[in-house]
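Enquirer: Position chain B against the provided structure of chain A, taking the given hints into account.
From first to last, the protein sequence lines stand for chains A and B. Under the working numbering, the residues of the first sequence are numbered 1 to 521, in order. Under the working numbering, the residues of the second sequence are numbered 1 to 115, in order.
Do not take every clue at face value.
[Unchecked claim] Computed spacing ranges between beta-carbons, pair by pair:
#1 Val438(A) to Arg114(B): 19 to 27 Å
#2 Leu78(B) to Asp343(A): 47 to 55 Å
#3 Ala510(A) to Arg114(B): 43 to 51 Å
#4 Ile219(A) to Ile28(B): 24 to 32 Å
#5 Tyr19(B) to Asp343(A): 34 to 42 Å
#6 Leu21(A) to Leu92(B): 22 to 30 Å
#7 Val438(A) to Tyr19(B): 36 to 44 Å
#8 Val5(A) to Arg100(B): 44 to 52 Å
#9 Ile28(B) to Ala445(A): 55 to 63 Å
#10 Lys122(A) to Glu24(B): 30 to 38 Å
#11 Leu27(A) to Ala89(B): 19 to 27 Å
#12 Arg114(B) to Gly58(A): 47 to 55 Å
#13 His497(A) to Val65(B): 54 to 62 Å
#14 Leu92(B) to His6(A): 53 to 61 Å
[Claimed, not checked] Listed next, the in silico DMTMM-like pairs over lysine to aspartate or glutamate satisfying Cα-Cα at most 25 Å (straight line):
#15 Lys218(A) to Asp337(A)
#16 Lys307(A) to Glu384(A)
#17 Lys29(B) to Asp166(A)
#18 Lys504(A) to Asp343(A)
#19 Lys307(A) to Glu468(A)
#20 Lys449(A) to Asp381(A)
#21 Lys29(B) to Glu169(A)
#22 Lys307(A) to Glu109(B)
#23 Lys465(A) to Glu384(A)
Please keep in mind that the hints were generated in silico from the structure rather than gathered at the bench. Even glycine gets a Cβ: it sits at the ideal position worked out from N, Cα and C.
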Amino acid sequence: MNWQVHLPALALAVPLLGAFLSLVVGLGGRFLRNTWMVCVSIATTAICVMLLQRVLAGGTMVYVMGGESWNFTLPSGLSWPIRIIIQVDAFSAFMAATSSIAALAGAFFSLRFMDKFTGLEKFSALYFLLVAGMLGMQITGDLFNFFVFLEIASVASFGLIAFWRDRPEAVEASFKYMVVSTVSAMFVLIAVGFLYGRYNAVNIAAVARMLHMGYAEKIALVFLVVSLAMKSGAVPMHMWTPDAYAEAPAGVTCLLVAVSQASLYGLFRVCFTLYGVTAGSVVIPWTIIVMGVLSMFIGVTMAVIQKEMKRLMAYHSVSQIGYILLALGVGLLSLKDPQAMADYGFTAMKGGIFHILNYTMYKGLLFLSAGAVFYSAGTRDLNELGGLARNMPQTTFMFVIAAAAIAGLPPFNGFVSKLLIYQTTFAVYPLLAVAALVTSVLTLASFIKVFQTAFLGPARKAFEKVAEAPVSMLFGMAVLTLVIVVVTLFPGWTLSHLVEPAAKALVDQAGYISAVMGGGL
Amino acid sequence: MTGNAPFLVVGVVFLLGIYAILTERNLIKIAIGISLLEASANLLLIVLGYRTGGSVPIFTLAGDVKTMVLPTPQALTLTAIVIGLATSALLLSLVMLLYRHYGTLDVREIRRLRG
Numbered sequence: 001m002n003w004q005v006h007l008p009a010l011a012l013a014v015p016l017l018g019a020f021l022s023l024v025v026g027l028g029g030r031f032l033r034n035t036w037m038v039c040v041s042i043a044t045t046a047i048c049v050m051l052l053q054r055v056l057a058g059g060t061m062v063y064v065m066g067g068e069s070w071n072f073t074l075p076s077g078l079s080w081p082i083r084i085i086i087q088v089d090a091f092s093a094f095m096a097a098t099s100s101i102a103a104l105a106g107a108f109f110s111l112r113f114m115d116k117f118t119g120l121e122k123f124s125a126l127y128f129l130l131v132a133g134m135l136g137m138q139i140t141g142d143l144f145n146f147f148v149f150l151e152i153a154s155v156a157s158f159g160l161i162a163f164w165r166d167r168p169e170a171v172e173a174s175f176k177y178m179v180v181s182t183v184s185a186m187f188v189l190i191a192v193g194f195l196y197g198r199y200n201a202v203n204i205a206a207v208a209r210m211l212h213m214g215y216a217e218k219i220a221l222v223f224l225v226v227s228l229a230m231k232s233g234a235v236p237m238h239m240w241t242p243d244a245y246a247e248a249p250a251g252v253t254c255l256l257v258a259v260s261q262a263s264l265y266g267l268f269r270v271c272f273t274l275y276g277v278t279a280g281s282v283v284i285p286w287t288i289i290v291m292g293v294l295s296m297f298i299g300v301t302m303a304v305i306q307k308e309m310k311r312l313m314a315y316h317s318v319s320q321i322g323y324i325l326l327a328l329g330v331g332l333l334s335l336k337d338p339q340a341m342a343d344y345g346f347t348a349m350k351g352g353i354f355h356i357l358n359y360t361m362y363k364g365l366l367f368l369s370a371g372a373v374f375y376s377a378g379t380r381d382l383n384e385l386g387g388l389a390r391n392m393p394q395t396t397f398m399f400v401i402a403a404a405a406i407a408g409l410p411p412f413n414g415f416v417s418k419l420l421i422y423q424t425t426f427a428v429y430p431l432l433a434v435a436a437l438v439t440s441v442l443t444l445a446s447f448i449k450v451f452q453t454a455f456l457g458p459a460r461k462a463f464e465k466v467a468e469a470p471v472s473m474l475f476g477m478a479v480l481t482l483v484i485v486v487v488t489l490f491p492g493w494t495l496s497h498l499v500e501p502a503a504k505a506l507v508d509q510a511g512y513i514s515a516v517m518g519g520g521l
Numbered sequence: 001m002t003g004n005a006p007f008l009v010v011g012v013v014f015l016l017g018i019y020a021i022l023t024e025r026n027l028i029k030i031a032i033g034i035s036l037l038e039a040s041a042n043l044l045l046i047v048l049g050y051r052t053g054g055s056v057p058i059f060t061l062a063g064d065v066k067t068m069v070l071p072t073p074q075a076l077t078l079t080a081i082v083i084g085l086a087t088s089a090l091l092l093s094l095v096m097l098l099y100r101h102y103g104t105l106d107v108r109e110i111r112r113l114r115g
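Okay, chain A solo, but in the shape it has when bound (with noise of 0.2 Å):
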């Protein structure tokens, strides 16, 4: 027995305590808050990291809350499980080793940035408290519960993105966002009690034992599907991320980043694992891949145009998760066929989960760097920047790096989960393919025009006096750049370490049902 079993309930534990103790911690003073901003995270990144490398060497973890002992998931001889479950397995480590290092480099990155406001340990608070939402929303193996983090991420974010509440924006974008998730959540909570009612559990790996489709569940699915790809900001609901994004401090914007991709993992886990093959091959898979192919491109047209610069990035997650859910989707349509599987579907998935990666870093990378622009010149307005590339070189090249990575350049890692994804949508239907890549030649074109108008060009009067970033904001996107440097170097190590567990992970509903069915005892 060590202590590294308690690993998952500490991923939960560590960013409540410091969500709450900071307003406690924040009347010592700045210094003593900025300290425990970055203890809780690098505690938190550590956790993480951790969990993840246990998951990948010794299986699927869980950890029954409020039980006799950790791992009793089934007490009393019942035949299901009562209790509540924190279920890990490598899908999970790995969204919730990406999330943390995102969330890590945000906080490091918002320890200057938000030094000109007050109300800081209010900051402090509500960021930990959508990181621990996030995180529990990753792993946890318990329907409600997934529905009281998501909730929980959701109320932080809301307060989080309206910050500035001094601006009118920010809170029309804050407002914005809590409509659609509020109502999202809603959709989730009478998902599951639709599920609640045929089975009498609110247990994911329970449900899935059971599961067998019929007009209930057929509803519960929809409610799901449909409330999470809200959340997630895929198109027909994609109106609430350019605004919310862009309102948020950058910081924020980064970690929003990593929750919108909780979203999507709810969103894998239901089809994947709550469904598996009973959700049809046909309706649900093509909807998915649709929602997809529709977000890609109406995502980066409208980020084209596009004139200030955290918009246009905004516009690109849009388009970004549209890639995952294209790959996901491809896989989820191959799930009934072996074959298919063999060919193209586990690569797909394998493309599509490097995405959630990739992009969550240098998304976060993107932001962050438009956040040092607009911290030091004072402007988001690319018409009015330029020639930031004399005085912020350091930024500059980080913000280079992100570019070349999401316009998918090689030897990018976005390169390499965007070819896996040509390759094996095309083997399903070669318009998809196409799709794609003309979503990543536009992707390059609009990142080419911030690159020449806001770091190129000649040097403007009015950003002579402007100054490279403070260096704790350097290091926060350090952090992320470092990521993405070692991903690009070392592709396949990730793809065969890192990626394919998740992967098999998410494909295997059986393992994660036995995980928690199979004993106890």
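Expert: Quick look at chain B alone, frame taken from chain A:
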């Protein structure tokens, strides 16, 4: 016999909530729509746990009770009500801030973010 009538009420309240969110132009009315949606979700959970003629699910000094209603949905509903309270409070405070900034509650005029 009530039968399926409670589920009908859930459906009606749900549709009213969706209708209000989609068509109303006043921010307060949109907030009311969201509250209706929450109410329908909570009612659904409670109705799912109801057993005809069941009593309160408390074992201590229960006497000779044959059926009890299910306790889990009630616990879920309590949690959902608390969360709903938090979101409603935050929603209304955002409405207040919006009114302070824009001087109106009409969604058609609160449109500084577009395109």
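Enquirer: Go ahead and decide if the range 34 to 42 Å is satisfied by the Cβ distance of Tyr19(B) to Asp343(A).
Expert: violated, 47 Å
Enquirer: So the hint says 53 to 61 Å: do the beta-carbon atoms of Leu92(B) and His6(A) match that?
Expert: violated, 40 Å
Enquirer: Take the C-beta atom of Lys122(A) and the C-beta atom of Glu24(B), compute their distance, and say whether it sits inside 30 to 38 Å.
Expert: Given a distance of about 31 Å, which is inside 30 to 38 Å, the answer is holds.
Enquirer: Given the hinted pair Lys307(A) and Glu468(A), is their alpha-carbon gap at most 25 Å?
Expert: holds, 23 Å
Enquirer: Is it true that His497(A) and Val65(B) lie within 54 to 62 Å of each other by Cβ?
Expert: holds, 57 Å
Enquirer: CB of Val438(A) to CB of Arg114(B), is that within 19 to 27 Å?
Expert: holds, 26 Å
Enquirer: Does the beta carbon distance between Leu78(B) and Asp343(A) stay inside 47 to 55 Å, or does it fall outside?
Expert: 50 Å Cβ-Cβ, so the 47 to 55 Å window holds.
Enquirer: Under the criterion that the straight-line Cα-Cα distance not exceed 25 Å, is the pair Lys307(A), Glu109(B) satisfied?
Expert: This hinted pair holds, its Cα atoms lying about 23 Å apart.
Enquirer: Please test the hint of 19 to 27 Å on the beta carbon pair from Leu27(A) and Ala89(B).
Expert: Since Leu27(A) and Ala89(B) have Cβ atoms about 25 Å apart, the given range 19 to 27 Å holds.
Enquirer: Does the hinted range 44 to 52 Å hold for Val5(A) and Arg100(B) at CB?
Expert: Since Val5(A) and Arg100(B) have Cβ atoms about 51 Å apart, the given range 44 to 52 Å holds.
Enquirer: Range first: 24 to 32 Å. Now tell me if the beta carbons of Ile219(A) and Ile28(B) are that far apart.
Expert: holds, 30 Å
Enquirer: Given the hint of 47 to 55 Å, check if Arg114(B) and Gly58(A) actually sit that far apart at their C-beta atoms.
Expert: Holds - the Cβ-Cβ distance for Arg114(B) and Gly58(A), about 51 Å, lies within 47 to 55 Å.
In the structure shown, a violation is registered for the earlier hints numbered 5, 9 and 14, in ascending order.
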